[in-house]
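**Student:** The primary structure of each chain is shown beneath.
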Amino acid sequence: MKLAFVVQRYGLDISGGAELHCRWVAEHMARYADVEVLTTRAEDYITWKNRYPAGPQTINGLTVRRFSVVRPRRPERFGRLQEKVLHHEHREKDELRWLDEEGPRSRSLLRYIRRNEAAYDYFIFFSYRYYHSYWGVRTVPRKALLVPTAERDPVIGLRLFKPLFRMPRAFIFNSCEERDMIRTVSRNDDVPGAVVGVGTETPASASAERFRARHGVEGDYLIYIGRVDQNKGCPELFDFFLRYKQDTGSPVKLVMIGGSVLPIPGHPDIRYLGILPEEDKFDALAGARLLVMPSFYESLSMVTLEAWAMGQPVLANARCDVLKGQCLRSNGGLYYGDYREFREALSLLLASAGLREALGRNGLAYYQANYTWQAIENKYLGLLGELEGK
Amino acid sequence: MSAKDQDEGRYTQTYKIDYARVDVAEIMDQVQAKAARAAAPDDGGEDVPGMPDGPVWQPSSGPLTLKKKVKRKLQRFLTPFFPVMRLMALPVHEDLMQTNAKLSEASAKIDLLLHRRDITKEYIKLLHVLCHNLVMELSKLRVEHDTLKSRVQVLEKDFAFLGKRESVLEKKIAP
Chain A
5 MKLAFVVQRY
15 GLDISGGAEL
25 HCRWVAEHMA
35 RYADVEVLTT
45 RAEDYITWKN
55 RYPAGPQTIN
65 GLTVRRFSVV
75 RPRRPERFGR
85 LQEKVLHHEH
95 REKDELRWLD
105 EEGPRSRSLL
115 RYIRRNEAAY
125 DYFIFFSYRY
135 YHSYWGVRTV
145 PRKALLVPTA
155 ERDPVIGLRL
165 FKPLFRMPRA
175 FIFNSCEERD
185 MIRTVSRNDD
195 VPGAVVGVGT
205 ETPASASAER
215 FRARHGVEGD
225 YLIYIGRVDQ
235 NKGCPELFDF
245 FLRYKQDTGS
255 PVKLVMIGGS
265 VLPIPGHPDI
275 RYLGILPEED
285 KFDALAGARL
295 LVMPSFYESL
305 SMVTLEAWAM
315 GQPVLANARC
325 DVLKGQCLRS
335 NGGLYYGDYR
345 EFREALSLLL
355 ASAGLREALG
365 RNGLAYYQAN
375 YTWQAIENKY
385 LGLLGELEGK
Chain B
99 MSAKDQDEGR
109 YTQTYKIDYA
119 RVDVAEIMDQ
129 VQAKAARAAA
139 PDDGGEDVPG
149 MPDGPVWQPS
159 SGPLTLKKKV
169 KRKLQRFLTP
179 FFPVMRLMAL
189 PVHEDLMQTN
199 AKLSEASAKI
209 DLLLHRRDIT
219 KEYIKLLHVL
229 CHNLVMELSK
239 LRVEHDTLKS
249 RVQVLEKDFA
259 FLGKRESVLE
269 KKIAP
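Sequences listed follow chains A and B, in order.
Under the numbering used here, think of the first position of the first sequence as 5, with each following residue one higher.
Under the numbering used here, think of the first position of the second sequence as 99, with each following residue one higher.
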């Protein structure tokens with residue numbers, strides 16, 4: 005079986021959620037099938053400027069074919085179009101213009117897919133909202149599997165995506181909530197799909213002491229891992245955490261790991277460490293009291309799975325239905341809808357080592373049942389086998 | 099058992115948790131109920147957050163230094179002029195008092211606005227939920243409308259067919 009993974013960006017240094025998800029799945033599926041990656045030359049998701057060389061190259065044993073982006077995104081025009089399609093009366097033509105501007109607009113990629121349709125058994129498209137998925141699925145609908153990585157943001161409501169969701173041969177969802185949302189939006193119940201997600205690997209040994217010694221972190225701390233961004237709920241987390249400290253006088257600290265596009269409050273108990281290597285990240289996770297996940301929009305949250313894989317409990321934002329659903333299904337974390345719930349849930353978690361242990365244990369069991377690589381590979385193989393049988 | 103452990107024990111005692119079979123939904127019900135109780139009546143009666151617990155500042159009463167001696171002599175020398183100085187400072191004092199009054203008035207207004215802002219925030223959250231529910235209901239209604247419309251079309255066709263059949267049968271019975 006020959007599979008093509010089609011994604012907007014691809015590379016070892018690209019750490020975006022969907023891109024990393026695609027790379028990991030492609031590398032694991034290479035054990036069972038002949039896998040190629042079709043992508044663009046872009047490195048930056050804001051402008052999609054061509055940075056990587058064109059043509060085929062090999063990354064971690066996989067053939068990666070890169071195609072040029074015709075025109076980089078013009079952020080001002082894109083912003084204007086986005087404002088129009090999300091907040092004002094508009095026509096479908098405007099949505100198509102928005103999609104063109106969102107990019108990455110690579111006609112050569114679509115041309116390649118059309119001309120080489122027969123050479124591949126299935127094309128697995130990642131991220132429904134980009135140009136390559138919208139036109140790619142339309143080019144080869146009978147061979148297209150779509151991994152939507154959809155979040156509950158307003159883009160999902162655009163008219164142009166309804167027919168797209170009825171078109172692919174099958175869906176690979178990240179969560180039950182994502183599946184229900186897409187089914188509700190497009191009423192595509194007849195299109196088969198499976199809730200799969202993505203696996204994660206934890207290091208054999210993670211050392212909290214090593215992390216504390218290397219970064220000078222003392223005492224109990226909560227950890228946040230991910231981009232420090234408005235959409236990830238970080239301003240609310242800062243606000244809640246500082247209010248919590250003021251109200252309770254707790255000595256707990258907040259350690260933040262990841263790139264930042266927001267100013268971090270200059271409080272001595274908020275430690276921002278920037279982007280860290282994987283080893284440090286897992287060391288930090290091992291020493292934390294819990295992982296806090298304040299994001300409003302998630303289609304899966306790989307960091308939450310990593311925390312559960314390490315046996316750590318999670319405190320998540322209940323306004324993200326995926327995070328809340330994952331906590332309820334796994335019994336591996338608590339959630340909060342406002343400051344009062346945040347205060348109560350955090351106080352309870354910090355006070356009860358027994359509860360933290362029990363939640364961590366449940367999270368680990370949930371991870372082992374659903375998100376080890378063997379489980380993920382089996383789900384992919386099961387879906388592909390089902391499609392072959394039809 | 100340390101004091102910290104005792105505090106922790108006291109806190110967790112208010113929750114009913116089966117540690118062998120943790121049920122997050124059940125715990126969250128308790129957390130939400132407790133958060134709602136804490137929010138209820140006496141939010142205004144809390145201590146001022148951030149108030150330090152340490153000792154209050156007191157003026158020091160050590161031996162007289164040169165600075166203090168000079169200060170005392172100067173005070174003694176200026177005492178006869180104090181009424182004149184007070185008289186001269188009176189307009190400034192009045193201005194200061196008026197400014198204070200205005201500031202406390204502004205502070206009260208800000209408090210009121212902050213309170214209104216909080217209420218508006220909650221209201222917006224409710225509106226958001228309402229909008230979401232309305233969109234859901236409208237979507238359902240639209241689907242139902244489409245279904246009913248197609249049923250009506252089917253019934254119309256059936257009706258037309260039966261009408262034609264009736265006229266044909268009538269012609270056959272009574273040509």
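Keep in mind that the hints were calculated from the coordinates and are not lab data.
Predicted, not measured: the structure shown is a model, and the values here were computed from it.
It is possible that some hints are incorrect.
Pairs of lysine-lysine, BS3-like flavour, derived with a Cα cap of 30 Å [stated by the list, open to error]:
| no. | chain 1 | residue 1 | chain 2 | residue 2 |
| --- | --- | --- | --- | --- |
| 1 | A | LYS166 | B | LYS238 |
| 2 | B | LYS238 | A | LYS249 |
| 3 | A | LYS53 | A | LYS88 |
**Student:** A separate judgement is required for each hint: does it hold in the structure or not?
**Tutor:** Going down the list of hints, with the structure as the test:
1. This hinted pair checks out: LYS166 of chain A and LYS238 of chain B have alpha carbons roughly 16 Å apart, not beyond 30 Å.
2. Between LYS238 of chain B and LYS249 of chain A the alpha-carbon distance is near 45 Å, which puts this suggested pair outside the 30 Å criterion.
3. Using a Cα cut-off of 30 Å, the hinted pair LYS53 of chain A and LYS88 of chain A holds, with the two alpha carbons roughly 25 Å apart.
Violation of the numbered hints given earlier is confined to hint 2; every other hint is satisfied by the structure.
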